[in-house]
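Heads up: the sequence lines are chains A and B, in that order.
Note that my numbering gives residue 258 to position 258 of the first sequence, counting from 1, and the numbers run on in steps of one.
Note that my numbering gives residue 161 to position 161 of the second sequence, counting from 1, and the numbers run on in steps of one.
It is worth saying that the hints were derived from the structure and are not from the lab.
Each hint should be verified, as a subset may be incorrect.
The list treats identical chains as interchangeable, and a pair is accepted whether it falls inside one copy or across any two copies.
[Said to hold, decoys possible] In the DSS-like style, the derived pairs of lysine-lysine whose C-alpha atoms are separated by at most 30 angstroms in a straight line are:
(1) 17 with 189
(2) 72 with 222
(3) 228 with 276
(4) 276 with 72
(5) 11 with 211
(6) 189 with 241
(7) 35 with 211
(8) 189 with 276
For clarity, every value in this text was computed on a predicted model and none was experimentally measured.
Number of protein chains: 2
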Amino acid sequence: MGRPMALHLVKAGHEVKVYNRTASKMEPLIIEGAKSAESYAGAADGSDVVITMLSDSPDVREVILGSNGVLKGCKPGTVIIDMSTISPAVAKDIAARCVNNGVEFLDAPVTGGETGAVAGTLSILVGGKEAVLEHVRPVFDVMGSRITYMGPSGSGQAAKLCNQVICGLNILAVCEGMALAEASGIDKKVLLEAISTGAAGSWMLSNLGPKMIAEDWAPGFKIALQQKDLRLALESACESKLPLMGTALVQQILRIAEAGGCSDEGTQAAIKAVLKLGYLG
Amino acid sequence: MGRPMALHLVKAGHEVKVYNRTASKMEPLIIEGAKSAESYAGAADGSDVVITMLSDSPDVREVILGSNGVLKGCKPGTVIIDMSTISPAVAKDIAARCVNNGVEFLDAPVTGGETGAVAGTLSILVGGKEAVLEHVRPVFDVMGSRITYMGPSGSGQAAKLCNQVICGLNILAVCEGMALAEASGIDKKVLLEAISTGAAGSWMLSNLGPKMIAEDWAPGFKIALQQKDLRLALESACESKLPLMGTALVQQILRIAEAGGCSDEGTQAAIKAVLKLGYLG
Numbered sequence: 001m002g003r004p005m006a007l008h009l010v011k012a013g014h015e016v017k018v019y020n021r022t023a024s025k026m027e028p029l030i031i032e033g034a035k036s037a038e039s040y041a042g043a044a045d046g047s048d049v050v051i052t053m054l055s056d057s058p059d060v061r062e063v064i065l066g067s068n069g070v071l072k073g074c075k076p077g078t079v080i081i082d083m084s085t086i087s088p089a090v091a092k093d094i095a096a097r098c099v100n101n102g103v104e105f106l107d108a109p110v111t112g113g114e115t116g117a118v119a120g121t122l123s124i125l126v127g128g129k130e131a132v133l134e135h136v137r138p139v140f141d142v143m144g145s146r147i148t149y150m151g152p153s154g155s156g157q158a159a160k161l162c163n164q165v166i167c168g169l170n171i172l173a174v175c176e177g178m179a180l181a182e183a184s185g186i187d188k189k190v191l192l193e194a195i196s197t198g199a200a201g202s203w204m205l206s207n208l209g210p211k212m213i214a215e216d217w218a219p220g221f222k223i224a225l226q227q228k229d230l231r232l233a234l235e236s237a238c239e240s241k242l243p244l245m246g247t248a249l250v251q252q253i254l255r256i257a258e259a260g261g262c263s264d265e266g267t268q269a270a271i272k273a274v275l276k277l278g279y280l281g
Numbered sequence: 001m002g003r004p005m006a007l008h009l010v011k012a013g014h015e016v017k018v019y020n021r022t023a024s025k026m027e028p029l030i031i032e033g034a035k036s037a038e039s040y041a042g043a044a045d046g047s048d049v050v051i052t053m054l055s056d057s058p059d060v061r062e063v064i065l066g067s068n069g070v071l072k073g074c075k076p077g078t079v080i081i082d083m084s085t086i087s088p089a090v091a092k093d094i095a096a097r098c099v100n101n102g103v104e105f106l107d108a109p110v111t112g113g114e115t116g117a118v119a120g121t122l123s124i125l126v127g128g129k130e131a132v133l134e135h136v137r138p139v140f141d142v143m144g145s146r147i148t149y150m151g152p153s154g155s156g157q158a159a160k161l162c163n164q165v166i167c168g169l170n171i172l173a174v175c176e177g178m179a180l181a182e183a184s185g186i187d188k189k190v191l192l193e194a195i196s197t198g199a200a201g202s203w204m205l206s207n208l209g210p211k212m213i214a215e216d217w218a219p220g221f222k223i224a225l226q227q228k229d230l231r232l233a234l235e236s237a238c239e240s241k242l243p244l245m246g247t248a249l250v251q252q253i254l255r256i257a258e259a260g261g262c263s264d265e266g267t268q269a270a271i272k273a274v275l276k277l278g279y280l281g
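Isolated chain A (complex conformation) (with noise of 0.2 angstroms):
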């Protein structure tokens, strides 16, 4: 999702450097105008405003706090911003470093997905300190349709988890409402249509609903994100000694999809888990 991301940024007019370990992953961005930087305190020398998009805690607490790091790279005065979705007591903990360091940072993860990132369109949940948010929101603009100030450091990636622990459990509900009817022996695709706009209704019915009757597999959201984004939001939960059960089992659920190979398939293919449990599929 980095490589949309900066294109808007290119597009936009902002000098962009961009740094991946795979130097490949750089070249459409170069053709479209960004430099390449030799490494992140590289990409991050000279820069306003540092943005990093990667998979996982450990990722953008190495890429930040490592050896040749962003932070290395940063003069005083930088705003790193993480968009990354990782725990919300690591974001807290960078952030804190950095402020020792003299640069800002922002904790400012995003929903809406690939599609979201090309179209510019993203969900910008963020948190850090709401002065420095206004003094790079022109940054965002460039990036997101609807940037929310959440709170202090971490609270842009504690919204997330709240968004991906709903989305998780509506997927689980659109799975079972579909094994039902599977065993029910009734039309899914007439059920979709006459449930879709009432209380049943959600994004996740409404666009994985059909995926699921078409047996459509390919990945929006892979199952493997979302089994990290659960796995973030319950040990968040942990911390907080917060039992989520239905958070839980639908990591468990997936987990059975996982089993069967179907980590890198959208979340829909989690339907599979379902009705495998019930020797329908």
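Starting from the known structure of chain A, fit chain B onto it as the hints suggest.
This is chain B only, laid out in the frame that chain A set:
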């Protein structure tokens, strides 16, 4: 819900006879022009169409097939429409007994709740013979804005239970998302605005989320009724040996809410159970 539904029929100019064991419940309809019957059979006597709207499978069985029940009063060719939410298997059984007596039967449960009943915008899920549905469609059109033929007897109920399974898990989704927000110390109102139109969006998030924040527990749809519908869904899934682990969990979470005295509160009160599990409420 029977009263506003019957009222639409009266106002549309149909000759309506009503019967309820509690005489006072008939009064508002009699004022509007309905006639009162002395029994279930009496309500059916001379009628072309008989509609039942009751709580659960045993009630419908008794009212239609009982010793002074609807079937006793029906002339051949009458159409009995049960708009209650009951077991698909019981609906099938009642349909068979009606047909044996020369009477037609449709199962036609509704979604849209009290609000939809009053507005005449119910979604009606119909099981039975399609020709019979077409015959009585003008009656449905007065009460609902979306009438869907789902298949043979029991299919309307089966579709309704799929709807309720999805509703139940979508409710738990909102509860766990809001509980994590509470535990994380982020502003739930701001969160809701940020995520309601994205992939986490659902009717339940938009409608129950604000009520949870306002601690408004007045029903919309009572927990006791959601529990009844989930029980029917789990019984139906049981007949197909289909495990519905999420739905089963929702029923247990709602049981916690019921143990706390929330049976007659709206389903949004399920958040109290999830918070209680985390000693947050």
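Structure-based check of each hint:
| no. | hint | result |
| --- | --- | --- |
| 1 | 17 with 189 | neither (48 angstroms within a copy, 37 angstroms between copies) |
| 2 | 72 with 222 | neither (33 angstroms within a copy, 58 angstroms between copies) |
| 3 | 228 with 276 | both (23 angstroms within a copy, 27 angstroms between copies) |
| 4 | 276 with 72 | neither (51 angstroms within a copy, 46 angstroms between copies) |
| 5 | 11 with 211 | neither (33 angstroms within a copy, 43 angstroms between copies) |
| 6 | 189 with 241 | between (41 angstroms within a copy, 23 angstroms between copies) |
| 7 | 35 with 211 | neither (40 angstroms within a copy, 50 angstroms between copies) |
| 8 | 189 with 276 | within (21 angstroms within a copy, 39 angstroms between copies) |
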